[in-house]
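The residues making up each chain are set out below.
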Amino acid sequence: MLLEKVEEISGENLYACYQCGRCTAGCPMTGEMDLMPNQVILAILRNDERVLNAKTPWVCAQCYQCGVRCPKNVDIAKIMEALREIKLRSNVNYIDLKKINRSYPQIAIVATMRKFTG
Amino acid sequence: MKLPYYPGCTLKKNAKNFEKAAIVAAKHLGIELVELPRWNCCGAVSSLTSDDVMHHVAAIRNLVRVQQMNDDGILDNEYRLVVLCAMCFNVLKRSNILATSNANMLNTINSFMDTEPDYEGTVEVKHFLEILRDDVGFDAIKSKVINPLKGLKVSAYYGCTLLRPREVGIDDPEAPTIMERLIESLGAEPVDNPYKSLCCGSYHTVGSNKEVVARRAYRIIEGARRNGAEAIITSCPLCAFNLDNRQALTEKLYPGFKRMPILYFTQLMALAFGYESEASFDGNFVDPIPLLEEKGLIGMKVQK
Ligand code: SF4
Ligand code: SF4
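Taken in sequence, the protein lines are chains A and B. Just so we're aligned: the first sequence equals residues 1 to 118 in this note's numbering. Just so we're aligned: the second sequence equals residues 1001 to 1304 in this note's numbering.
One chain only, chain A, in its complex shape:
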């Protein structure tokens, strides 16, 4: 089941979340997201596998704002990572490495490889 998988990979207790929405309020990427961070948590709790095809985990920039704001100490960035990993571990890449512009800063290129390829 999706919930167990996310719990195992992230090490987070999703039931701790009381849906206050603070994570979403502070998230800088909500404008690009199809599901808000708090909705992602709810969807996982309901084992709704459609969340695996959402844009949200791929738009998340691992900025850690949500985790700093969460009153329940839920590390949402880890939950986003778990959703990405479920895909990446099934040998699906999210970007084409050959298309990367090599003049970009190395930290940007390495980060992209780490977050978008399995």
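No lab work stands behind these hints: they were computed from the structure. No residue lacks a Cβ here, since even glycine has one placed at the ideal position from N, Cα and C. Each statement offered as a hint is correct.
If you anchor each label on the Cβ, the simulated ranges turn out as follows:
1. B/Arg-1038 - A/Asp-96: 28 to 34 Å
2. A/Asp-96 - B/Asp-1052: 21 to 27 Å
3. B/Thr-1122 - A/Ala-16: 33 to 39 Å
4. A/Tyr-94 - B/Glu-1251: 26 to 32 Å
5. B/Tyr-1254 - A/Ala-16: 38 to 44 Å
6. A/Arg-46 - B/Lys-1210: 33 to 39 Å
7. A/Asn-47 - B/Asn-1077: 51 to 57 Å
Using the hints provided, position chain B with the ligands relative to the given structure of chain A.
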């Protein structure tokens, strides 16, 4: 004071100006930054899964080098590792916290690195700004200023990795002041920006989300400008790229947008300490020289 220093990949290519300025500024304050021998890429972003040990090996291997420098007599009982790049700092510190709080994980990493000495958990990862605040002190910095940056209004941009997550951050994640205090000690005027810790879009600048980054840059730069800022300082080469180089795209998306110089905090220090050429302003995308000239801050006293 002789301190081991981890540059990271980007400081050797896109952000040479950051490093060059830092080394002279540190020297001016009596700090010798000694580059780690055989350092390797830290991985740039932390792996956040609980079952992934592999992606922490690269970070920990760098910490082993600090132990070796002490063992080899290059350092005398100095286990603070100084990092300039905010992203590398975040990754190295986070892996260090993980490995030193989880004996099992540390054991796995040490067994994997079977040709290296074991990591003993002795290293403390420090951002250079922390050394400036806690070991040098802002009053001492002020007393070392040769050319006070009078009349220059500077806004600090913290981004994410200097502040978050909480256990890694070097200041209050919601209301940081460390860079403002530095700006002040250099004789410039710190200007607040409500977006000073809003993510710039980070590595999304690589893929198809360039526009998102350029729009983020607009918000951040305009936030600073509204309060009167003439320049922005940062400690992250990726934030610098997104705020500086991406202004070319920001300009296209927002007609009338005016470019603003984005500097590394060490460039400002080098300038105030009298090392104008080492401040390496030619490495910045938006040329800061016209602004600095207008303020009378170019062609000041030079250190030999
Ligand atoms: S901030 Fe924390 S408790 Fe509130 S909705 Fe988000 S994850 Fe749940
Ligand atoms: S870590 Fe991801 S989900 Fe959390 S605030 Fe940042 S972009 Fe949003």
